[in-house]
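J.: Using the sequences provided together with the hints, build the complete structure.
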Amino acid sequence: MSTSTAIVLPPQETASLPKRSFLNNEYGLKSWLLTLDHKRIAILYLFTTVFFFTIGGTAAALIRLNLLTPGGELVAADTYNKLFSIHGIIMVFFFLVPIAPAVLGNFCIPLMIGAKDVAFPRLNLLSWYLFVTGGCFELYAIICGGMDTGWTFTTPLSTHYVNTNVVGAALGIFVAGFSSILTGLNFIVTIHRLRAPGMTWFRMPLFIWSYYATSIIFVLATPVIAISLVLLVMERAIGIGVFDPTKGGDPLLFQHLFWFYSHPAVYVMILPGMGVISEVVACFSRKRVFGYTAVAFSSVAIAVFSFFVWAHHMFIMGISNYSALVFSLMTMLVAVPSAIKIFNWSATMYKGSITFDTPMLYTFSFIGLFTIGGLTGVMLASLGMDIHLTETYFIVAHFHYVMVGGMVSAFMAGLHFWWPKITGRMYPEALGRLAASVLFIGFNLTFFPQFIVGYLGMPRRYHSYPPEFQVLNVLSTAGASILAIGYVLPMLYLTWSLKYGKIAGSNPWRAPGLEWQVQSPPLTENFPETPVVDFEAYDFEWLANQTKNEVQTVG
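Per our numbering, residue 16 is the first one in the sequence shown, and the count goes up by one each step.
What follows is a list of derived Cβ distance ranges for each label pair: (1) Asn178 - Glu540: 49 to 55 Å; (2) Ile467 - Tyr176: 30 to 36 Å; (3) Asp265 - Glu406: 17 to 23 Å; (4) Ile242 - Ser335: 22 to 28 Å; (5) Ala354 - Cys151: 38 to 44 Å; (6) Lys517 - Asn39: 16 to 22 Å; (7) Tyr477 - Arg35: 53 to 59 Å; (8) Ser335 - Val90: 39 to 45 Å.
Taking lysine-lysine pairs in the DSS-like style, the calculated list, with each CA pair at most 27 Å apart, reads: (9) Lys131 - Lys34; (10) Lys45 - Lys131; (11) Lys366 - Lys302; (12) Lys514 - Lys45; (13) Lys34 - Lys45; (14) Lys517 - Lys34; (15) Lys34 - Lys514.
The hints are simulated quantities; they were obtained by calculation from the structure and are not laboratory data.
Glycine included, each C-beta is placed from N, C-alpha and C at the ideal position.
T.: Given below as structure tokens:
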């Protein structure tokens, strides 16, 4: 234990926002577009990713409306192909992958480890501009007619048999990929080099462990998708023949390259959410996370295992029986560290003083939906089940239970948890609970029928379907309408809270951790002086003693 003076908590009862913070330190559009403050860059990412979410969500709404009737009477088949391609590409590469690391990671990591900023502030701003540039390429591809390859760019379809804006879409993802690489590098160096005195590896919050593992995947996996997309563009532009069997190429090579990135990318989306859940569970259970070390190393294990399971997406594509068996086993093994987290969160809540505030409701939603998604993933790791269910709506439901039910629920938990820290104001708690409930109901009503219709044999990506599947599709579309309300509600009341929300104080949740020991919103430099960490992660006894000392000092 350090002998230096511990941080004294700022007073909680505050009549107004701090006179000086990162939000009002400078004014004007230029101050935002040229900012080097990690917190402002996080907010830039938030607005950008929500913009892309709106585009992807609009495409999803049109898809569901088209599937109300078996004949698909809303849009033509070619337009339908473009809609699901736009939905997949935008949602995966411009929302799900960047939203948690770029928003919550950028805002929270320096605050949590006691740093004044990330290691490379200019690189951080450059990564946002690269992300925006990649998004502009994607918007150009959409405006010029869209693309109809699906989000996987399957060859030879994408190289020879479609005449849409594949090159523009691929270049957009390529440029945005560099944003991910730079963000990952920045986080790794920041966590290694800028931790406050006393912040050892095993005093770090589990949020930091999760984002460290995510950053490793960013740095190691993203270059592979960048290379594969460059090869795809060259194949399409000048016919180099890498994926063309008539020229000695192999179309399966693209599948190997694409999924070598894209399956680790699944954990890029879900690992940050797991870090958020660890913070929320500890805070609202008033307990140290059960099995801290196991949860920390499970994040690293997920990152490592994620590089050895890509071929389970290729069981029906002609890989050898031996390869299929090995990848089936590895896919089942990757579920173990995720199960460790679920068990340890449940054990943390056991006999805890649980409060059911909005972040905790989203956390329960995450645990339930991610568990369903994970269990169906283990089912799909079985060769027989995968061959039967691949390319059906069962896969669509599984993917959305993991990504949307898991990652988006966790992001919403984190956004509500740190909203008082970001803005200095509270949101309406009743509306927060209502939105969490609506989102949970709408999500299950949307995607659970897709498990059934997929198991019965309805293929995904089809413009029309047999009439016997209509009832389940209508149910799914009705659920999507409720789900949309669940997303619009938080946008409305969080925006309202910016002006009318109650002043939050520095630590409205009575949470441990360095980010809660500074004013809300924080200063541009985060801490008035470098903090010294003399407490363990999730040390509620330390927090109680600090609060007692504060009360005695005031008295």
